[in-house]
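Visitor: The chain contents come next:
There are 2 protein chains.
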Amino acid sequence: MAQAVRHDAMRARNLALVLGELNSSGPLTRAALSEITGLTKTTVSKLVADLIEAGLVVETGAVRDGERGRPGMVVQISGAHIAAVGLEINVDYLAVRVVDLSRTVRLRRTQAVDNRRAQPGDVVGLLRDLALRAVDEAVEMGLSVVGGVLAVPGPVDLVRGAVHNAPNLGWRDVPVAALLELPFPVQVENEANLAALGELWFGCGLSDFLHVSGEIGIGAGLVVRGRLFQGSHGFAGELGHVVVSPEGPACRCGGKGCLEQYASQDALVSAAGGTLTSAGDISWILSRLEAGDTAAVAACERAGWALGVALSSAINLVDPDTIVLGGIYGPLFPWIGDAVAATLTSRLGQMRDVVPPVVVSRLGTEAAALGAAGQVIQRVIADPAALLQN
Amino acid sequence: MAQAVRHDAMRARNLALVLGELNSSGPLTRAALSEITGLTKTTVSKLVADLIEAGLVVETGAVRDGERGRPGMVVQISGAHIAAVGLEINVDYLAVRVVDLSRTVRLRRTQAVDNRRAQPGDVVGLLRDLALRAVDEAVEMGLSVVGGVLAVPGPVDLVRGAVHNAPNLGWRDVPVAALLELPFPVQVENEANLAALGELWFGCGLSDFLHVSGEIGIGAGLVVRGRLFQGSHGFAGELGHVVVSPEGPACRCGGKGCLEQYASQDALVSAAGGTLTSAGDISWILSRLEAGDTAAVAACERAGWALGVALSSAINLVDPDTIVLGGIYGPLFPWIGDAVAATLTSRLGQMRDVVPPVVVSRLGTEAAALGAAGQVIQRVIADPAALLQN
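Chains as they are written, first to last, in UniProt numbering: chain A, 1 to 390; chain B, 1 to 390.
There are no misleading hints in this set.
When chains are identical, the list treats them as one kind, so a pair holds in a single copy or across two.
In silico SDA-like cross-links for lysine to any residue, where the CA-CA straight-line distance does not exceed 20 Å:
| # | residue 1 | residue 2 |
| --- | --- | --- |
| 1 | Lys46 | Ile381 |
| 2 | Lys256 | Arg302 |
| 3 | Lys41 | Met10 |
| 4 | Lys256 | Asp353 |
| 5 | Lys41 | Ser25 |
| 6 | Lys46 | Arg13 |
| 7 | Lys46 | Arg11 |
| 8 | Lys256 | Ala342 |
| 9 | Lys256 | Ser346 |
| 10 | Lys41 | Arg11 |
| 11 | Lys256 | Val355 |
| 12 | Lys41 | Met73 |
| 13 | Lys256 | Gly349 |
| 14 | Lys256 | Thr345 |
| 15 | Lys256 | Ala341 |
| 16 | Lys256 | Gln350 |
By construction, these hints were calculated from the structure, which means they are not laboratory data.
Model the full assembly from the supplied sequences, consistent with the hints where possible.
Guide: Here's what the structure looks like:
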């Protein structure tokens with residue numbers, strides 16, 4: 001019995017070793033896999049056969065590795081069978097993304113809503129419908145959805161799958177994973193953390209950066225050497241509540257002068273003379289900016305300055321290599337980028353040889369939902385045995 | 001040849017495995033070591049013999065592990081032979097600590113100086129004398145010093161062993177490790193990082209905390225699950241330059257309204273009506289506080305508020321479990337602690353079930369030099385083979 005347990009544990013570890021190598025190195029022959037992992041060729045062949053049977057890996061052709069011997073068949077991760085669902089509840093939209101095991105995005109569904117005026121149950125119901133239709137389409141493409149991750153704008157209780165506190169949604173202690181009732185396991189994670197992972201896996205190609213998610217709320221996710229930094233309880237990255245001015249405007253969080261009071265979507269719209277109903281998306285402020293409206297331009301410069309102040313604190317504390325601005329800061333970058341960079345240079349330039357460069361994410365508001373799907377893929381690759389047991 | 005290299009690498013790895021287990025678990029029999037590491041008893045016995053011969057491990061008595069068999073001899077890390085030196089250059093003192101491999105502090109030497117008025121070469125000369133006398137005393141105790149780490153107040157160039165920029169010392173690009181010319185290798189690291197490690201290894205017994213070093217400058221070191229977080233370039237933890245008020249007093253760093261302008265030793269002394277010559281140590285301000293001087297009390301309350309503002313940004317960004325106040329904040333805690341805690345509660349209490357508690361370090365200004373010595377010990381334990389080769 002104990003020996004069987006040990007054998008299973010070893011097989012699980014070796015399956016993860018082989019799949020992890022294909023994930024990081026790309027297509028390889030069995031001989032190369034044996035060389036890299038230190039496992040015997042027989043063991044590798046058995047493991048690869050299991051992974052092929054489960055649809056995680058596919059043979060894609062013959063290559064001649066060296067001078068001698070028969071050509072080997074190259075195997076690689078297969079995108080044809082296994083898929084993950086990334087879900088997002090944000091203040092003004094719902095999103096679903098289906099990504100296959102090779103990290104190709106197979107399906108995108110986004111729905112504009114105003115979740116500040118809705119009950120959690122209704123919001124979750126809408127998202128469930130969106131997700132179930134996406135899963136049906138995925139099945140038609142021959143994909144099998146093995147799990148999902150849901151991105152929410154606020155700290156979460158990972159164990160209970162609950163939103164701990166999302167002041168911008170007005171949600172507190174909502175057991176959202178259970179309410180969703182999807183036909184696969186769903187984990188709930190913080191939107192800003194997932195957006196950073198989305199950037200890592202689907203975005204800029206960097207492995208060291210602080211990703212800033214500008215939305216109705218502002219969050220950040222720090223990636224250091226390809227890994228997300230989450231702090232002691234998974235609540236790290238609350239950039240929106242970093243202090244810009246200690247006696248500034250009151251914030252929903254209970255503090256004063258937090259970054260969100262200067263640079264969130266609502267703060268921008270209201271500083272530009274709009275009303276909160278204009279805040280449904282940022283097209284209103286973009287049209288004002290493109291028309292050269294001085295109030296809108298000044299609102300962006302002030303937001304950029306505030307973002308620079310908060311980021312200079314963040315850079316002093318966590319020392320990121322690059323700042324990646326995502327969410328609404330993507331389209332707004334032409335109007336905020338200079339103010340951010342100038343503030344960083346004036347506050348940090350004297351102490352540092354290199355002030356971290358500020359770049360734009362190309363993923364826009366899609367980053368969190370992609371990161372959510374990518375997180376499921378990452379877990380399959382880290383523990384393929386969990387799938388093979390079924 | 002290739003096989004010999006591989007054998008050496010395996011032996012090095014196994015030596016580290018055995019010593020690491022003794023470090024984390026305490027005294028063990030060879031049989032227990034074999035069980036835990038998965039190495040054969042013969043291999044373990046050979047490795048332990050090598051570690052004993054090198055003076056890293058010692059036999060300390062017989063125990064009977066189970067029902068059957070002969071009693072086994074317990075082995076443990078030996079403090080009798082190998083020692084490390086922790087060095088510190090701070091603005092107003094130099095410090096040397098000698099710590100043995102079992103992490104017992106064997107020797108403490110501190111010298112008050114005013115390094116703001118001295119040339120780097122003179123400061124380094126004084127520290128060298130202090131260190132050489134300490135090493136002589138260590139040798140008389142039968143200890144062999146295998147290496148040192150030097151703590152400096154500012155970002156460092158780890159590769160060159162140079163102080164990158166220490167505005168409070170007025171140093172820029174000083175190759176301090178080379179200038180020291182000690183008879184053992186010395187690495188240079190940031191004081192605030194080492195103080196956090198000192199707290200981890202010699203202090204509070206916690207493994208998740210943000211340690212704040214209050215000195216002439218203010219730095220912080222974040223420990224998450226027993227590991228120091230250093231950021232992408234090793235410059236993380238510059239809490240002293242987190243923004244308290246964006247248009248506040250000009251800071252030496254080039255910014256405005258940084259925490260150091262409100263809560264550093266100099267800021268406190270000057271807010272309490274003292275002169276910078278009173279800033280040599282904090283006994284002046286402590287005597288005023290104990291006499292109930294209202295300016296001194298108000299200065300501490302203001303410093304505590306500013307520390308609370310900066311820490312609330314830090315907590316939002318990095319999510320530490322506990323805040324440990326070190327350096328001058330230890331003796332000043334009765335006068336600043338309430339203001340820090342009240343500010344954290346008012347800024348964070350509404351968003352979080354638990355606001356990180358604020359506790360005092362018992363190590364005082366000794367934390368960095370102890371962390372420096374502990375860092376050397378940690379490296380010996382991670383790679384004992386490097387010592388055995390000699």
